[in-house]
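K.L.:
Line order of the protein sequences matches chains W and A.
Going left to right, the first sequence walks through residues 1 to 230 as the numbering used here numbers them.
Going left to right, the second sequence walks through residues 1 to 458 as the numbering used here numbers them.
By construction, these hints were calculated from the structure, which means they are not laboratory data.
Be careful, since some hints might not be right.
[Stated by the list, open to error] Short, incomplete list of chain W residues facing chain A, as computed with Cβ under 7 Å:
#1 I3
#2 R83
#3 L97
#4 I111
Don't be surprised by glycine CBs; every beta carbon is placed ideally from N, CA and C.
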Amino acid sequence: MPILELKKIVKKYRVGKEIITALDGVDLVVETGEFIAILGTSGCGKTTLLNIAAGLERPTRGDVIFRGVTISKLKEKKTVMFRRKQMGFIFQSYNLLPALTAQENVALPLIFDGIKPRERTLRAAKMLKQVGLMERRKHKPAEMSGGQQQRVSIARALINNPRIIFADEPTGNLDTRTTMDIMSHLQQAVKENGQTLVMVTHDQEVAAFADRIIYMVDGRIVQEKQGGIH
Amino acid sequence: MKNYDLLVLANKNLWRRKGRTVLTVLGVIIGTASIVVMLSLGIGLVESQKKQMEQWGSLNIIRVHQAWDFPGHEGGQQKRLTDEAIAEIRAIKGVTAISPAIEVGGEARFGRKIGHIMLVGLEPGLMEQLEFSVSDGRLLNQDDRFNVVAGSQVINNFWDPKQRHNPWEWEGPPQGDPLELLDQRLSLTLHNNKQQKRIYNLNVVGILSQKTMERAWEVYAPISELRKMRDFINQGRQDNSFQEKMYMDEKVIISPGRPTPARPAPKLEEQYSFALVRTDDVGDTRRISKELRDRSYNAYSMADNLEGIEEAARRFQAILGGIGAITLLVAAIGITNTMVMSIYERTREIAIMKVIGASFREIRWLFLAESSLIGLLGGSFGIGLSFLLSSVLNRYGASFMNPGGGMMPGSEAIQISMIPPWLVGFALLFSISIGLLSGIYPANRAIRLDPITAMRHG
Ligand SMILES: Nc1ncnc2c1ncn2[C@@H]1O[C@H](COP(=O)(O)OP(=O)(O)O)[C@@H](O)[C@H]1O
Ligand SMILES: [Mg+2]
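Same shape as in the complex, but just chain W:
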């Protein structure tokens, strides 16, 4: 059974009197354990697709089925539990909480899950070690470089052992060397744990890390390729 299925997804936005079609009938099947990259130019609807796939936004038409549950029909209150227990998120702009230290940021999803402080600290430290930021664990986001912040956010996305990770241009703000570093980290982590990774990017080289590359133009999937160059 595929972990995630998108069926004829249409998403329209009304801006004033105009109606913008961000997604125009997208069908996609994501298999368990797969690393899939969605490649397309800016504005083609990648972020919208990812948000809808993660149940953060509702499609105008079509269904999103996550492990047999049509999450696109659920209320926001219900989708929270899916995100908390089974999904991880990585963003282009890291989206760490500025008031919290690296370790506290990584442990945040566990707080919502009601896990005790002792266990949280242990697990967060372990994750930070994996991304090589143990000595930075007491630092606030503002005191870290972009690459370091993104590694913290990867640690945060992985700490609750999600079945699926959604990554929206995770290397968009990073230089080439850091990009390669982050991508190999991410690839290695999900492969080790048998997790599924759905990543959107406009960067060919980044997409090349994926098992499968989906090409998007103007809200439609136009082509599909096997990846695995790296």
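Given the structure of chain W, go ahead and fit chain A with the ligands onto it with the hints provided.
P.N.:
Just chain A with the ligands now, kept in the frame of chain W:
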């Protein structure tokens, strides 16, 4: 999310904007302090009135008098104080003790001094319950017969005829030492209408500590002996007219009333002068006192006066409390404003928390906890400030309002502001609730925030 984590996170968020939080808390401090101080003034007023009244009589004691009997108003409809009446009163719910009393007045001797004393017979075992207490010696007990307890002013009834002046002609109140009487003998002389005379030797075993008018000037003895004295005095009596009873003879005063012609009244020797009724609290006192009057008894209690004073104080408190409440309302608006601003600044953070798994409930409580913390902090410091202000008021305000110091010997300094423990609890709960309520609107705004728009444009 665990409550503990919620509080830690809320607290952390609160102190990110120190200046703003401090100012908001300050608003609550001022609001709480103004409510507490205002209410404390009202409480101080009632309490000082109560204290003042307690100097004239206990608030837990009702005095039921024998029906008033004077020409033209022969006892009216009032009930007589007989054993039957005592039993009726004892049966009223809330009456914890009752003792009938017989008063007999007469000439007495104390060493070389002479004077007039009023002897009151009570159930000796009930004295403690009836709120008698001694400063020296002891109260009466069941075995006492001619042992008596004297009020603290009784000594001032006596004067030395050889010194040729009456104590009441002195300037100022007489200042005899009450302890002079302790363990001494008083000789009381009673006469009856058969021209017989009897002398009773009474041994003073205790001096009352009470300063009230009712109790300071009387001598208390076991009622069993007083019954005999009364019977002796009534021998040969034919004319029971009011004048005779009250004033005919300075040597013999006995006050039971005359039978009304309308109904067959109990015999004189079956009636008591008055009765003391003990209750457990002011509320009972007031209720029972009223009920006794409804049942045509001549009942009176200090607590009867309290109602008017309390009503006035309530009005006073409502006005003061209202002023305080307005201050706190302003503080509440301040909290809401702070929280709305904070949510505006933290739009993106809220969105992130929602995306990584914070539920509506958790987001809501995160903000409610923050605003409640402001309430708690403001409330705690506000109470601290109130105690400070209250002590300043009591120190400087009291001497301003009462320049002479105490009003009566032995009275304590009056407190114009009082903060009882319940007021502390109330203020704390109130300020936390204000914080919580002020957080509802901002928290709902935070919940409704769409994480996606917030993240795209944040
Ligand atoms: N909330 C929104 N309201 C209006 N238009 C939107 C909204 N979100 C996205 N769009 C539009 O939908 C299209 C796709 O946007 P997006 O998914 O962000 O593209 P990408 O991530 O590929 O750059 C764009 O034209 C964008 O302006
Ligand atoms: Mg995008």
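K.L.:
Look at each hint and say if it fits the structure.
P.N.:
We went through each hint and held it up to the structure:
| no. | hint | result |
| --- | --- | --- |
| 1 | I3 | violated, 18 Å |
| 2 | R83 | holds, 5 Å |
| 3 | L97 | holds, 5 Å |
| 4 | I111 | holds, 5 Å |
In this structure, the one hint that does not hold is number 1.
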